[in-house]
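S.K.: Each chain, written out:
Number of protein chains: 6
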Amino acid sequence: MYLPHETWPDLDEYVANESLAVVPLGSTEQHGPHLPEGTDYLIARALARAATDRTGHLCTPPVTVGVSPHHRQFHGTTWVDPPVFRDYVENLSRNLTYHGIDRIVYVNAHGGNVVHLREVGRRLRDDGTAFAVEWMWDESIPDLIDEHFERPGPHGGPKETAMIMHVARDLVREGRLDAARDGGRPEFEYGEMDVHGARVVYDAIENSDNGVFGDQTDATPAVGERLFEAATDQLVALLEWLDDQPFDALLPEPHVDPQPGSGR
Amino acid sequence: MYLPHETWPDLDEYVANESLAVVPLGSTEQHGPHLPEGTDYLIARALARAATDRTGHLCTPPVTVGVSPHHRQFHGTTWVDPPVFRDYVENLSRNLTYHGIDRIVYVNAHGGNVVHLREVGRRLRDDGTAFAVEWMWDESIPDLIDEHFERPGPHGGPKETAMIMHVARDLVREGRLDAARDGGRPEFEYGEMDVHGARVVYDAIENSDNGVFGDQTDATPAVGERLFEAATDQLVALLEWLDDQPFDALLPEPHVDPQPGSGR
Amino acid sequence: MYLPHETWPDLDEYVANESLAVVPLGSTEQHGPHLPEGTDYLIARALARAATDRTGHLCTPPVTVGVSPHHRQFHGTTWVDPPVFRDYVENLSRNLTYHGIDRIVYVNAHGGNVVHLREVGRRLRDDGTAFAVEWMWDESIPDLIDEHFERPGPHGGPKETAMIMHVARDLVREGRLDAARDGGRPEFEYGEMDVHGARVVYDAIENSDNGVFGDQTDATPAVGERLFEAATDQLVALLEWLDDQPFDALLPEPHVDPQPGSGR
Amino acid sequence: MYLPHETWPDLDEYVANESLAVVPLGSTEQHGPHLPEGTDYLIARALARAATDRTGHLCTPPVTVGVSPHHRQFHGTTWVDPPVFRDYVENLSRNLTYHGIDRIVYVNAHGGNVVHLREVGRRLRDDGTAFAVEWMWDESIPDLIDEHFERPGPHGGPKETAMIMHVARDLVREGRLDAARDGGRPEFEYGEMDVHGARVVYDAIENSDNGVFGDQTDATPAVGERLFEAATDQLVALLEWLDDQPFDALLPEPHVDPQPGSGR
Amino acid sequence: MYLPHETWPDLDEYVANESLAVVPLGSTEQHGPHLPEGTDYLIARALARAATDRTGHLCTPPVTVGVSPHHRQFHGTTWVDPPVFRDYVENLSRNLTYHGIDRIVYVNAHGGNVVHLREVGRRLRDDGTAFAVEWMWDESIPDLIDEHFERPGPHGGPKETAMIMHVARDLVREGRLDAARDGGRPEFEYGEMDVHGARVVYDAIENSDNGVFGDQTDATPAVGERLFEAATDQLVALLEWLDDQPFDALLPEPHVDPQPGSGR
Amino acid sequence: MYLPHETWPDLDEYVANESLAVVPLGSTEQHGPHLPEGTDYLIARALARAATDRTGHLCTPPVTVGVSPHHRQFHGTTWVDPPVFRDYVENLSRNLTYHGIDRIVYVNAHGGNVVHLREVGRRLRDDGTAFAVEWMWDESIPDLIDEHFERPGPHGGPKETAMIMHVARDLVREGRLDAARDGGRPEFEYGEMDVHGARVVYDAIENSDNGVFGDQTDATPAVGERLFEAATDQLVALLEWLDDQPFDALLPEPHVDPQPGSGR
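Protein sequences, first through last, are from chains A, B, C, D, E and F.
Each residue of the first sequence is one higher than the one before, counting from 1 in this note's numbering.
Each residue of the second sequence is one higher than the one before, counting from 1001 in this note's numbering.
Each residue of the third sequence is one higher than the one before, counting from 2001 in this note's numbering.
Each residue of the fourth sequence is one higher than the one before, counting from 3001 in this note's numbering.
Each residue of the fifth sequence is one higher than the one before, counting from 4001 in this note's numbering.
Each residue of the sixth sequence is one higher than the one before, counting from 5001 in this note's numbering.
Since the hints were derived computationally from the structure, they do not count as laboratory data.
One or more of the hints may lead you astray.
[Stated by the list, open to error] Computed, partial: chain C to chain A, Cβ under 7 Å:
no.	residue
1	P2083
2	P2258
3	R2264
Virtual Cβ for every residue (Gly too), placed ideally from N, Cα, C.
Given the sequences, and given the hints that come with them, work out the whole structure.
M.R.: Structure, rendered in structure tokens:
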């Protein structure tokens, strides 16, 4: 159920019986000369809607702006700073629990959001409010990605290109795929820029002139569809798994024995 | 230019020459049995995109969740609390100025956001960062609204119904228009529930059993189109006016004379 | 009972039996060439004391500085910014509940405080701490105001002039009433400065050279007394009404049925 | 000049030529069975007005509620918590600088405010905004106090009793002076309750059943007048001293030599 | 038990049976030409470890940086600002309670931390979380200090010099004791720099050219040992006293009678 | 130069000529039955001191408590929550810049601190205050670690065991190495517990009964020494590299061309 399209009375059954919500999150940031700035939230929204269409779970509208200061040198990158992002997602999530939600999947398509969503998840869990878990689509299908792409790259590469080809094909500037690769950094491994073990790079522009990492010339709509379906399968499986857990099983483990004060 | 659909190199000209951005904001909250929960942001996004298509200004993706605690008793209402909302919009706006933006129009379709956007606007203006102004679509065309509707109501009424009929017709449950009216509060004036001058009502549910105010049976797609076009005209005019202002003219007036310390 | 004048043992009965407190709030800001900067808190304090003298409720000392950045260009305007004001009033209010207070009337005489007091009221109510309600004196007697003044104006006009004539006559510079009107903006309606539906004005000085709105030459002490008595009557009635409410009736309505999770 | 009684045009000369403001601060808290809860702010306001009447400096209205959680067990004690108090005073002070104020005297009559006002003073000074200094009336005339009172006590004792006898005599319940002493703690020295060097007492009630410390039976209006005049003299001298300082002399000393980076 | 040296299983008994923790706190700040910048935390740690070695209580590692902006003009002084310091200590303390700790002694050797630790102590106590108390070593043995030193001084003087001679002798530059005294302010009393009762001095450098107060030429390792042992005795006694208190005896007193609402 | 052991005049040359500071950070948290809770900060401090002894750079005392909520179920784990940790380190770092420091290396030995130190580094860099970089010792010598250990594990494993054997041998409970391995999780790879791509594990206890990961029976003091020396070499090289950079080279890249507003 896509919440923005539902009316409130139509949620009667859901509120009475269900406790899971899906929140898509992405970013609005440069994705090279060939991909639109909304790439991440477009992917997240499409996956979240596809999976919840199959499971019947509630899906909120997307959080369209995320933690993207590392792309800010490129025109149009829009972002909120980490403390603001965390508080926004936390607050939104806490308020969802008013309707009986006690577990949330953050369907995320922006790497810069990951650690912050994990932190929010801990906040919600440690005080017993809800179990929230971050899910990054490409981490659910690593083998498939390796199978299709020689140089996947972490940003603006063939993974995202193929996905947008599938979910919003007219937003891909297909004539610029070669330029995207050649003006960027086709080969890239995290850590290769480290200095004696320290990550001294903060911004994408330090590593790539056009903001692109990877070689997107391998991307096709068909591959995009395959990735999309595979990731959706994974997300559906996650939602079903999470739905099946008793809430207590999702809460933190207790303190190890002996319990504090037990001997007093 | 709809930012999420643009690539960063395509913004070259804009960044070099322009200084105005449009940010649509709405809410995800109950809108009665006949309208979808996303009503407000769907309207805001549609208006913002239509106007910026005409003027060529930059339009960000919408902020889809707003300040809606007063609708929370109804299933699915999602909200962030005011301090979080203000900090989120402020931070997003400040970061936009990195790209040379110094004036922003908040295209708003949710009454609960108004005072908070005004407060954010003051923060940005008083320290000279940017001039940001809240624009609420229905306040730009009061006469037209009065002409078409006998009982417009402030929430879930014929104004919003007609607008959604125009921008997302399949999301209106047209068979429930009578029920929406009869189960809600067709006649409503702010202040009528006040007790000796004090507004003692905090939540919509205190005034309306189904969350609806106004009589939406007057709404038609044709009226919606007329409202939409008229409001878009107003917004276009506002964008053009704002674009024409020198930045200094948008900043606060100086202290009155004599200037502080001028005699020392 | 005016708290700053009471000793603690004399509050024995009150603490044991009562649960209502009155907090007067105003501002210290320009009120034109004819009225003192403390106008708002002087009015609020006078009304709060008069009403609580009649009902026997507890009245705290006034909050003398409020949210007045929109008057800051004029000498002497003193203010706190909205987040600080809200936190101050909220914290003060929460601490009052330590003594058994569970309902508060903010007797307010400054328009700039209204939305912030409403926000604080929601915070206190939504977590079940207390029911706090903002009461703005002139909104309790709109007909009487219309009856006496042709051009009442929102700030520094005949309403406030007449009130100060009644409560602190020697603080009105009566010889400047004409100048106050002529150097200011005798006729004013909210919205008249809007640009295509957007309120683009942030500060009083943009609309009025001397900070005055309305025509105060209609003000007299006798009219002031009449307004004062009428507003006091309204406030007394509000206090009695609020005192009569069971606390549960003041708390938020529950979630609509079905209750969240009720079907699980 | 008492700001709440002044009109803005009458501050022309002051704003042009002067840079000092006086802010009275106190509390609303129990002061035993014989003194009113507003004792502290009534004293602070009276001293601040008397001194500024003599020097011609600007005096704001009082901050009537301070940091008094240590008196909260007694009926009516009203307080704000330290972070809120500090932020309120800091914000109010920063905003005063808009009018050219760069030095502030906090005329304080509540011990619980002292460390917080010092902290605010540092904030304002360390970033070069203003030089603000806390002044506690009884610390300016220690010899005179010792001369008049055998057991002065830190709270509700003869110092405050005499002062209120002078500034608001009808608010002293003179028939309860013996009871105030006998039901409280006539003899008291800070530190006497310490446990092996640790101050383990947090609240006044732990030391005094009625909240009183000292023996107020020595207080008379004549003594009160003498204290008041002497303290006013001290405050006048402080204002004159402060007024005479060049602003640079009030700012922090620079880093010691060699200056950071001077050798690079 | 020195927590950083213990393994978790070795704390079994402690967690089951005990509820007291000791947290040493100091600073890293100039202590004149003869003492190391870590003086305060080295003293605090040594005392805390010595006392807990005797009582068997748990001792955390030291907080090595404190509130020292007043020494910042001297090379190397490192500090955190008061709000950050308070939040850090409060948070650390709250988290300790997860292991059953409900009473904490802050073993402190830096005067600049005192009021902040008291504020944190109140926060923890007023909401019933824990009873935390600040203990400053030299305030536990005032007579002994007076016996040994003619001019003890508050900072960098003979007290600290003797202590460091005892706990880390090679860190004292003994050849500079005369210079330390002569380049600083051997005689000093709080208040002597006050102007008409106002403390107008914010930084140590305003009073002492080399940051030293007092005459350290009386310091010897033997005196240091005596101070150290005496202070340790006091701390041991405090820990034993605190350990013996029932938790309820450490919580705030209730509101005085009549209880709020008791008559309703 | 180890700051806590230095006197301020001895820093004259450093302050005049140098701009780099080293801040060691670790944690106080369970490290299995064989290692002390202070393991991380003991390692960080030892490495930081060894490297700065060689380079002559300034080293502050360690931050001994870090972000360790994921180990809290085990006795004695002490932690601060992420927002508090970040603000503490940021504030401490900003204040260091008062002495001319414009580059900082966070010598870190706790994985839970990494993302937070990166976030702090960005805050400091993006506003031009300083360039701060996180350095995690084991990430500087991955090959050496692989060479020595078959099952290195991320926490409490042979890496940390060998290091503590080298820097504080008596704190290793060598008789418990087998038990540490067998009661924990000798084999562990990040991601192996993921559910359909989502990391659903928040706390160490969910993966390891005794909090240990890896097989520490390969650890010896000799290996520890080798790791320590190798990591120190890396750190020395990093400090030298960083010291050599012009400050401008460490600041963020500018916005890509065309510059915002360049065409206006």
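S.K.: So, for every hint listed, does it hold in this structure?
M.R.: Structure-based check of all given hints:
Interface restraint check for C:P2083: the shortest CB-CB distance to chain A comes to about 14 Å, outside 7 Å, so the restraint is violated. The restraint placing C:P2258 at the interface with chain A holds, with a minimum CB-CB distance near 4 Å, inside the 7 Å limit. Hint status for C:R2264 relative to chain A: holds, with the closest Cβ pair at about 6 Å, below 7 Å.
Of the numbered hints listed earlier, the single one contradicted by the structure is hint 1.
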